[in-house]
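**Student:** Whenever a hint applies, use it, and build me the whole structure from the sequences.
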Amino acid sequence: MNFEELTQLAERERAAQHAMPFQIHVCAGTGCHAAGSEMVAKALEGEVARSTLKGKVLVKCVGCRGLCASGPIVEVEQQQPNAEPASVLYAHVRPEDAPEVVRSIGGEPVERLFLDTNQPFFTRQLKIVLEDCGKIDPERIEDYIARGGYRALFKVLDEMTPSEVIDEITHSGLRGRGGAGFPTGLKWATVAKANPQRYPTYVPPGVQSQKFVICNGDEGDPGAFMDRSVMEGDPHRVLEGMIIAGYAVGANQGYIYVRAEYPLAVKRLRTAIRQAQRVGLLGNNIAGTAFSFNIDIRLGAGAFVCGEETALIASIEGGRGLPRPRPPYPAEYGLWGCPTLINNVETLANIAPIINRGAAWFASIGTAKSKGTKVFALTGQVKNTGLIEVPMGITLREIVFDIGGGIPNGRKFKAVQTGGPSGGCIPEQYLDTPVDYESLTALGSIMGSGGLIVMDDSTDMVEVARFFMEFCMEESCGKCIPCRAGTAQIHHILTKFQTGRATMRDLRLLEELCDVVKHASLCGLGQSAPNPVLSTLRYFRHEYEAKLRSDGYAYGHANGAAEEALSHVQ
Amino acid sequence: MEKLKLATVWLGGCSGCHMSFLDLDEWLFDLAAAVEVVFSPIADVKQFPEQVDVTLIEGAVANEEHLELVRMIRARSRMVISFGDCAVTGNVTAMRNVLSSSAEAVLNRAYRELPTFNPRIPDEAGIVPPLLERVLPVHAVIPVDVFLPGCPPPAPRIRAALQALIEGKTPEMIGREMLKFG
Amino acid sequence: MSVVTLKINDQDVSARDDATVLQAAREAGIHIPVLCYLEGLSAVGACRLCLVEVAGVNRLLPACTTRVQEGMMVQTNTPRLQNYRRHIVELLFAERNHVCAVCVANGNCELQALAIEVGMDHVRYDYMFPALGVDLTHERFGLDHNRCILCTRCVRACDEIEGAHTLDVLGRGAKARIVTDLNMPWGESPTCTSCGKCAMACPTGAIFKQGSTVAEMVHHPEKLAFLKVARERREWRV
Amino acid sequence: MRRYGYQGHALIEALHTAQEAFGYLDDFTLRYIARQLRLPYSKVYGVATFYNYFTLKPQGAHVCVVCLGTACYIKGSPELVSALESAYKVKAGSTTADNALSLLVARCVGSCALAPVAVLDGEVIGKATPAVLLERVQQRLGAAQPAEVAS
Chain F
1 MNFEELTQLA
11 ERERAAQHAM
21 PFQIHVCAGT
31 GCHAAGSEMV
41 AKALEGEVAR
51 STLKGKVLVK
61 CVGCRGLCAS
71 GPIVEVEQQQ
81 PNAEPASVLY
91 AHVRPEDAPE
101 VVRSIGGEPV
111 ERLFLDTNQP
121 FFTRQLKIVL
131 EDCGKIDPER
141 IEDYIARGGY
151 RALFKVLDEM
161 TPSEVIDEIT
171 HSGLRGRGGA
181 GFPTGLKWAT
191 VAKANPQRYP
201 TYVPPGVQSQ
211 KFVICNGDEG
221 DPGAFMDRSV
231 MEGDPHRVLE
241 GMIIAGYAVG
251 ANQGYIYVRA
261 EYPLAVKRLR
271 TAIRQAQRVG
281 LLGNNIAGTA
291 FSFNIDIRLG
301 AGAFVCGEET
311 ALIASIEGGR
321 GLPRPRPPYP
331 AEYGLWGCPT
341 LINNVETLAN
351 IAPIINRGAA
361 WFASIGTAKS
371 KGTKVFALTG
381 QVKNTGLIEV
391 PMGITLREIV
401 FDIGGGIPNG
411 RKFKAVQTGG
421 PSGGCIPEQY
431 LDTPVDYESL
441 TALGSIMGSG
451 GLIVMDDSTD
461 MVEVARFFME
471 FCMEESCGKC
481 IPCRAGTAQI
491 HHILTKFQTG
501 RATMRDLRLL
511 EELCDVVKHA
521 SLCGLGQSAP
531 NPVLSTLRYF
541 RHEYEAKLRS
551 DGYAYGHANG
561 AAEEALSHVQ
Chain H
1001 MEKLKLATVW
1011 LGGCSGCHMS
1021 FLDLDEWLFD
1031 LAAAVEVVFS
1041 PIADVKQFPE
1051 QVDVTLIEGA
1061 VANEEHLELV
1071 RMIRARSRMV
1081 ISFGDCAVTG
1091 NVTAMRNVLS
1101 SSAEAVLNRA
1111 YRELPTFNPR
1121 IPDEAGIVPP
1131 LLERVLPVHA
1141 VIPVDVFLPG
1151 CPPPAPRIRA
1161 ALQALIEGKT
1171 PEMIGREMLK
1181 FG
Chain X
2001 MSVVTLKIND
2011 QDVSARDDAT
2021 VLQAAREAGI
2031 HIPVLCYLEG
2041 LSAVGACRLC
2051 LVEVAGVNRL
2061 LPACTTRVQE
2071 GMMVQTNTPR
2081 LQNYRRHIVE
2091 LLFAERNHVC
2101 AVCVANGNCE
2111 LQALAIEVGM
2121 DHVRYDYMFP
2131 ALGVDLTHER
2141 FGLDHNRCIL
2151 CTRCVRACDE
2161 IEGAHTLDVL
2171 GRGAKARIVT
2181 DLNMPWGESP
2191 TCTSCGKCAM
2201 ACPTGAIFKQ
2211 GSTVAEMVHH
2221 PEKLAFLKVA
2231 RERREWRV
Chain L
3001 MRRYGYQGHA
3011 LIEALHTAQE
3021 AFGYLDDFTL
3031 RYIARQLRLP
3041 YSKVYGVATF
3051 YNYFTLKPQG
3061 AHVCVVCLGT
3071 ACYIKGSPEL
3081 VSALESAYKV
3091 KAGSTTADNA
3101 LSLLVARCVG
3111 SCALAPVAVL
3121 DGEVIGKATP
3131 AVLLERVQQR
3141 LGAAQPAEVA
3151 S
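Protein chains in written order, with the working numbering: chain F, 1 to 570; chain H, 1001 to 1182; chain X, 2001 to 2238; chain L, 3001 to 3151.
Bear in mind the hints are in silico, worked out from the structure with no lab data behind them. Don't be surprised by glycine CBs; every beta carbon is placed ideally from N, CA and C. Heads up, a few of these hints could be off.
[What the hints assert, rightly or not] Covered stretches of chain X (chain H as the covering partner; in silico rule of three or more C-beta atoms under 8 Å from a C-beta of chain H): (1) 2088-2101; (2) 2105-2112; (3) 2116-2123.
**Tutor:** Rendered as structure tokens:
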């Protein structure tokens, strides 16, 4: 396929869609799917076929719309000349609502199911990564192309050198969305520069490439499902980002590492890869150029540590997912010892928009050091749970109270937890902190991959810390001692707090141990594992102290130095 | 000048540490000149005295009597020394903890499963103090000032520690001679 | 191959540019404690005892895997490092059932020696007392999981030098254990050559010769480095 | 395995395929995979036990996975687990004696907005309460074993 063919395909698809004056989008994301959206879609299709609108309404299943708690979500779109389609959103739609929904098409919306999009949940969001999620059918490449998909790839292949692509990404200020926030352009430049022959390598036969691009879709944080929604709702966007990355760094082979627990994401990515291969956007000599790029899917198998770059590589190589010391970094010494670019799903989903609209546009969004938007999975004790995308620099208060709609059941806000088991709890007094990498780190938490869990005043913060530590303990790979034995001891001490057996001595030891695990562990899992404990100790220390046993360690006290204790015998 | 009041007690251990203590041979005479032994398994004193300068605790805390005693020792002693590996780590005494976290299982194993003759857990009131669920090192129960490891601590190590204390100094527990477990 | 100069503990040291900080330090007679590292085996940077401070790097780096660089400034024994090392050794003692008094390696144990080196007079953590087994099915060797610190020296010796790969690690985290083949008794292993390199490599009393009793097991880790050189270079042909 | 040219790095893919086919990984399967990929037994065993997704024990006729991810946890999923545990006399992570039901817990099934979540034979049950979940499980078990429900 060349650019002309792409344009033609897009035109054709758009014309076909415009021939249908109405579209009904039924969310088929995991949340709505679980709420029965498949039945709703069938009912709507049947109803349309029976109605006078037959042939004028297209019913399609789309990716996540974000407001998962109100699922199944249905959107009715009406084409308008020279403007974005007018749309009406319905929540909690059941199959038996189908006749009413179809009857209302072209007329007044169904009041009972109507979801006002003029509320902060929608108006305060800014969608870049998720712009097509919930608009397009994730199982049809034509739909993606019709909305401008793969234009960025052709722009890159036809007009830009690899180093120009890297410059563009660098100037955009994009930083890794996997959690640590490493500048993406710098990472690409390092891989592009890296010499594949520097380290002795063993590349298995059948694997040709000397450099690799890996998409990290091993979203393991409990309470996070951003990457899942992107992979399920807009898989081609991820592929396009990967192909561009491959072109920029000089790699010909890519791997998407996805959790096996995400069967729908795996299925949609497989479909997307097949479709892209069929039209010549993946494979040898893409778009008739000299550039070739292939993508394979590798399944994770349930190990949180494999989100760590070097552990992920070990897993793709077919081994236990053990991290190894860095340096050398994967950018120089990665998969099978070759230079390897590893980017998170959300990072790669940002690439095409940056190429299309330019680095300056992207850099105009966000704060001085954190550009663009961030997708969060907003969950916990908050009215509107779901998937949101917000510009960097928005405050936590806006997220929790405007977008999230505040705390339900008349309870009070207590803390918001970001970054999952690697992050921390942020209390009320810091709610006006802008969301960017540096500010969250300064508060003892991290941006993380995007889990955002709201806790109300009924939450026991020591229990929260213990919960996360149990997670880290069970997910520790066991290779290095501070993480393997340290997380187990932290968990043990926290359990003592919860069973009324902790003493002041345990509190002191807990603090010392957190410092050891944080600084002596081998990889990010161990280094960040103490964060939930440290942040709750910092902001909710009184909750720990209130749990100390009342008789404490009160069986006398040590005298320590004999010089003083025994001075009377001298 | 007062003489240093020294106590030694024997909790959950084999008495090997006390044997090693006796291995100090003729230095015991020098010791006797410098300290007053106010309580010890090798002295006939029934009640732990009110005021003690230094108490050496051999053995781990294994039953309720031990628990009560170490708390009393802490209250009445200026310096408490964990004397030997059982006191410092739990050592062999604590190996029963691996078996189960309940004392019941340990008693069953020792008195019911293993004996070939008259298997029965001694249950007459007041004859045996109840076992703790888990055997604990002394510092898990009370603050300890000095740790004197070894199974048993070699006599020269005991001497070096006591010598320092007699001189009113804190023993320097450094290096293989002073610190090796086992 | 060129030579770089660096400073370790304020002492000028020169080393080949492909040397690790640990090698450079050893050449210069500067001691850095290690546990999972063994000359002759690949370095994995797992035990974290050899962590050192490098000026300009805000993380601690393992000396065994970090390459020297021109002008590097390394500190190997700061109070902070000493503190971490003691904690690490204490964590190991609390993790499984290390009872020196009844151990075959008493007096010849690297863990015990480290405890002395870091000044561990007692363990501040609660002991975990996991119930772990002992495999005595092999006719020549025994494997006591209670004394294993998961340094994987035996696994690497078995794979890298003997080439049998009878040993590996099963599970993960605190539940990880050394495993023989498909978790079968060692004595029934179809792959074990009974070469004993695992016993040479073991730093504690976890792998031992059958029949050895308290304090009788002496390991010979230095033999492995010799074998490695012999097998790789093959220069002493007869 | 052929797809990857019998390469060692295909181990995880091979384990996935085998588990999909047989439901779990038994000794024979592990042995076969090791020989086909020319990998040491201990390595195959090490990998199979490292990852949560693989199981070496057969599962029950029905599988109920309760999510213990953060969002589900703070919205009460531990109560779901204990309700099932006491109703069917089964510990989390194991299977009932009659092999009818396996009760598993997951770290996160990624449906946090529906917390608390349980997955019963692949069907996601969102905003679950102990009562609803017990009812649904009983329906499944009943369908498979009408005799037992009658008794």
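**Student:** Now, for every hint given, state plainly whether the structure supports it.
**Tutor:** We went through each hint and held it up to the structure:
no.: 1; hint: 2088-2101; verdict: holds (count 5)
no.: 2; hint: 2105-2112; verdict: holds (count 3)
no.: 3; hint: 2116-2123; verdict: holds (count 6)
In terms of the numbered hints stated before, the structure departs from none.
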